[in-house]
Amino acid sequence: MPREFAFFGILIPTLLPLFFLSIALQAVLDAILGWLGFYRMVWHPSLVRLCIFVAIFGALTLSIYK
Amino acid sequence: MTPASAPLPLPGPLRQAARWLAQALTDWRASEGERWIFVFKTLVAAFCALWLAYRLGLDSPSTAMTTTIILALPSSGMVLEKSLYRVGGTLLGCLAALALIGLFPQQPVLLYAGLALWVGLCTSGATLYRNAQSYVYVLSGYTACIIALPAIDQPTQVFALAVTRAAEVGLGIICSAAVSSVLLPRHQGTQVMRTVDARYGKFLAFCQDVLQQKLTPAQVEVTHLQFAADVAALEHGRSAALFELSEAVSHARGQNRKLHAFNASFMTALTTFYTFHRLYERMRREGESPVMQACAPLYAIVAEALQATPSQDSLDTMQLHLQAALAEARQQIKAANVQHAQRIDFDTACELLERFARDMSRFHAVYFSLRHGTPLAITAPQAYAPKTPPALVIASGVRAALNVGLLALGAYFLAWPQAGVAMLMAIVFCALSASSPRPIAMVRGVLIGFVLGFPLSFICLYFLLVHADGFPMLMLSFAPFLAVGLYLLTNPAKAGIGLGLAIFITQVAPTNVLHIDGAGFLNTSIALIAGLILALVVSAVVLPEHTMGNKDHVGRALWRETLRACTASLRQLRLFGQHRFDNRMRDLLSQLNAAAGPAPGEETRAVVRQALTLLEIGHSVLELRDLIATSSAGATDEAVLALQRCVDSITGWLRTRSETDRQTALAAILHAGGAVRAAQAKCAPERAVRLQTALADLHSIYTSLLDNMAQDAGDPHAA
Numbered sequence: 011m012p013r014e015f016a017f018f019g020i021l022i023p024t025l026l027p028l029f030f031l032s033i034a035l036q037a038v039l040d041a042i043l044g045w046l047g048f049y050r051m052v053w054h055p056s057l058v059r060l061c062i063f064v065a066i067f068g069a070l071t072l073s074i075y076k
Numbered sequence: 099m100t101p102a103s104a105p106l107p108l109p110g111p112l113r114q115a116a117r118w119l120a121q122a123l124t125d126w127r128a129s130e131g132e133r134w135i136f137v138f139k140t141l142v143a144a145f146c147a148l149w150l151a152y153r154l155g156l157d158s159p160s161t162a163m164t165t166t167i168i169l170a171l172p173s174s175g176m177v178l179e180k181s182l183y184r185v186g187g188t189l190l191g192c193l194a195a196l197a198l199i200g201l202f203p204q205q206p207v208l209l210y211a212g213l214a215l216w217v218g219l220c221t222s223g224a225t226l227y228r229n230a231q232s233y234v235y236v237l238s239g240y241t242a243c244i245i246a247l248p249a250i251d252q253p254t255q256v257f258a259l260a261v262t263r264a265a266e267v268g269l270g271i272i273c274s275a276a277v278s279s280v281l282l283p284r285h286q287g288t289q290v291m292r293t294v295d296a297r298y299g300k301f302l303a304f305c306q307d308v309l310q311q312k313l314t315p316a317q318v319e320v321t322h323l324q325f326a327a328d329v330a331a332l333e334h335g336r337s338a339a340l341f342e343l344s345e346a347v348s349h350a351r352g353q354n355r356k357l358h359a360f361n362a363s364f365m366t367a368l369t370t371f372y373t374f375h376r377l378y379e380r381m382r383r384e385g386e387s388p389v390m391q392a393c394a395p396l397y398a399i400v401a402e403a404l405q406a407t408p409s410q411d412s413l414d415t416m417q418l419h420l421q422a423a424l425a426e427a428r429q430q431i432k433a434a435n436v437q438h439a440q441r442i443d444f445d446t447a448c449e450l451l452e453r454f455a456r457d458m459s460r461f462h463a464v465y466f467s468l469r470h471g472t473p474l475a476i477t478a479p480q481a482y483a484p485k486t487p488p489a490l491v492i493a494s495g496v497r498a499a500l501n502v503g504l505l506a507l508g509a510y511f512l513a514w515p516q517a518g519v520a521m522l523m524a525i526v527f528c529a530l531s532a533s534s535p536r537p538i539a540m541v542r543g544v545l546i547g548f549v550l551g552f553p554l555s556f557i558c559l560y561f562l563l564v565h566a567d568g569f570p571m572l573m574l575s576f577a578p579f580l581a582v583g584l585y586l587l588t589n590p591a592k593a594g595i596g597l598g599l600a601i602f603i604t605q606v607a608p609t610n611v612l613h614i615d616g617a618g619f620l621n622t623s624i625a626l627i628a629g630l631i632l633a634l635v636v637s638a639v640v641l642p643e644h645t646m647g648n649k650d651h652v653g654r655a656l657w658r659e660t661l662r663a664c665t666a667s668l669r670q671l672r673l674f675g676q677h678r679f680d681n682r683m684r685d686l687l688s689q690l691n692a693a694a695g696p697a698p699g700e701e702t703r704a705v706v707r708q709a710l711t712l713l714e715i716g717h718s719v720l721e722l723r724d725l726i727a728t729s730s731a732g733a734t735d736e737a738v739l740a741l742q743r744c745v746d747s748i749t750g751w752l753r754t755r756s757e758t759d760r761q762t763a764l765a766a767i768l769h770a771g772g773a774v775r776a777a778q779a780k781c782a783p784e785r786a787v788r789l790q791t792a793l794a795d796l797h798s799i800y801t802s803l804l805d806n807m808a809q810d811a812g813d814p815h816a817a
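Chains as they are written, first to last, in the numbering used here: chain G, 11 to 76; chain Y, 99 to 817.
Keep in mind the hints are simulated off the structure, nothing from the lab.
Glycine residues also receive a C-beta, built at the ideal position from the N, C-alpha and C atoms.
Some hints here could point you the wrong way.
Below, a sample of chain G positions facing chain Y; criterion: calculated Cβ distance under 8 Å [what the hints assert, rightly or not]:
id, residue
1, L28
2, S56
3, L57
Derived, one-sided and incomplete: chain G residues facing chain Y with beta-carbon distance under 10 Å [claimed, not checked]:
id, residue
4, I20
5, H54
6, R59
7, L60
8, F63
In isolation and in its complexed conformation, chain G is listed as follows (with noise of 0.2 Å):
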């Protein structure tokens, strides 16, 4: 995947949309998560969703250095 890409003209790094499709994704599984419960079971509750992020969003951007 390219590092920057052209939006109107505007040079844009990948990052940026893949920072946005993260939030999406953690908030899809983040519903599903708590509909489940799963919250309920673990220590702390916003490291977990913390880390999740992290996770989605590391595993998105090594694709930029595939």
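Keeping the supplied structure of chain G fixed, place chain Y upon it in accordance with the hints.
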């Protein structure tokens, strides 16, 4: 586990020392520890943002750091809420700046006019809403200035400036949000529940104190003022708590609806209690009478039920007891052959007590359900509607626009290289102080912080940072100075100073390529302080009386609001009705409270007295109008016509507030009282109950008109 609780094989004195130490540590954790954790968290967020800004090569890393200071709030819900609004405001401001520069490239005067208009509109919006959303307005106003003003002479740069600003603010926000909700989080939801508990206890204690006559009238008024502020504060806390993700979204929504119901039922109970209290005081002033004797056991029943922590059962029993005692007291009064006037007092007191018992029972049910998460039937969740007097909204917009226009022209023609910095500071702080009840005090606090920050950041930059090598050393040289500011921020009385100090220090954070420029530092610092002085001068000179919660404006708005309760169309009444009226009146009172500070004066208390009376009149009028509206379908019977005339004459009095209109209103109420009583004698029982309510309402309007709105005496019993 504390060392004291473990069975340690220690000799006596050592164990005692360990226990003492554990005690001291627990104390520290609850008081000072809370503040130092806040300082630590904010420092972590600030340095994360700074490091990332360096790493990503952003142009002015200090903006990212300043954002984390601005978002330094006690609970994670509040941080998330303000973060969201800060993102929105920044993006909106960037768009506005791009549009303005695009419309007027290299046309300073037109651009200034456009900016002034934009900032004026935004500031008005902020004053109008006054909740957390108002931050969006403030921010979009001054972000447009921050981007557009440096770009006057090089319009091609404006896009880069906007992107940089948005990126840096975004970075600071992400750092703050992540740190505040992950690192030792302090949940807003728990805070809200604590507030709810405190309010419940406070209200019960207040009712008991009043029933036992422990409070002076001044204390009662101040307590009512505080309750109004509590209602508004809970409302803000509630909206912030929504941003915290709990286990399930549906739970948060349910909790949110219950909090609305909590506030609403609290306001209803408080108003009923005030009406009752006023009647009670008047009867007490008139001395011992058969009515007082008959009522005494009733008060005792209510006071006793509120004494211990009441449960739903005890409140239900209280209602049953009260009804039995009421029946007995009615018999007693009937037998005692008292005067007509006193009988009316007695009837009203009974009606109000019953109403209060119902309200309390509802209030307790909502509280119980909030506390224990049990389901609760809530009809329509009604939002709390803030209300700002329109004169203040317009005044704040005009002040901000004038400020931007004058400062921009001055800076442009002054040819002072740092004028831009000074001006931006003045604009930012004028906009921020617009929605504060005491703008001058706020700007003065920040100014003191800036003045203190000047020497501190000089020491930081030229004695510490010049020897520092690498990012960890930079952190070490900044941290102590920043910590002082943040620590002050945790003290509400010194929050302004702390904010100023911390912002000043983050403003001088070095750029990516460190260059030491003593003259530049001095120039910028002087410009920053000059900007604050300008903001102080502007807020002291331009329309200084038109500030949020000014008692004259609040007083006038209270009258207008009551008049609206009388004149609003029936459809509006059905949609919003009492709830909105209650809301708005209390919101005005909470503004008054914020502006009055810790010790409200006699004039403020007079406004509170007036507000309580108007609240009572408004409530009664709304109930009368409801009765008229529901019974007008039937026929044009005498009582309904008389009530309608009565409402009309009260409306007339509220409009003019003249003595003649007051007399007309009093006469109309007397007439309506007679007509309703005549109708009550010959109608069905369920309608008789409603007419009884109407009689109590008429009585309370009549006595409020006599008691508080005029000094001259009159016979308060005739209605």
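Hint check results:
1. L28: violated (14 Å)
2. S56: holds (4 Å)
3. L57: holds (5 Å)
4. I20: holds (8 Å)
5. H54: holds (8 Å)
6. R59: holds (7 Å)
7. L60: For L60 of chain G, the interface hint holds, since the closest Cβ of chain Y sits about 5 Å away, which is under 10 Å.
8. F63: Where the cut-off is 10 Å and the nearest Cβ of chain Y is about 9 Å from F63 of chain G, the hint holds.
Checked against the numbered hints above, the structure violates only hint 1.
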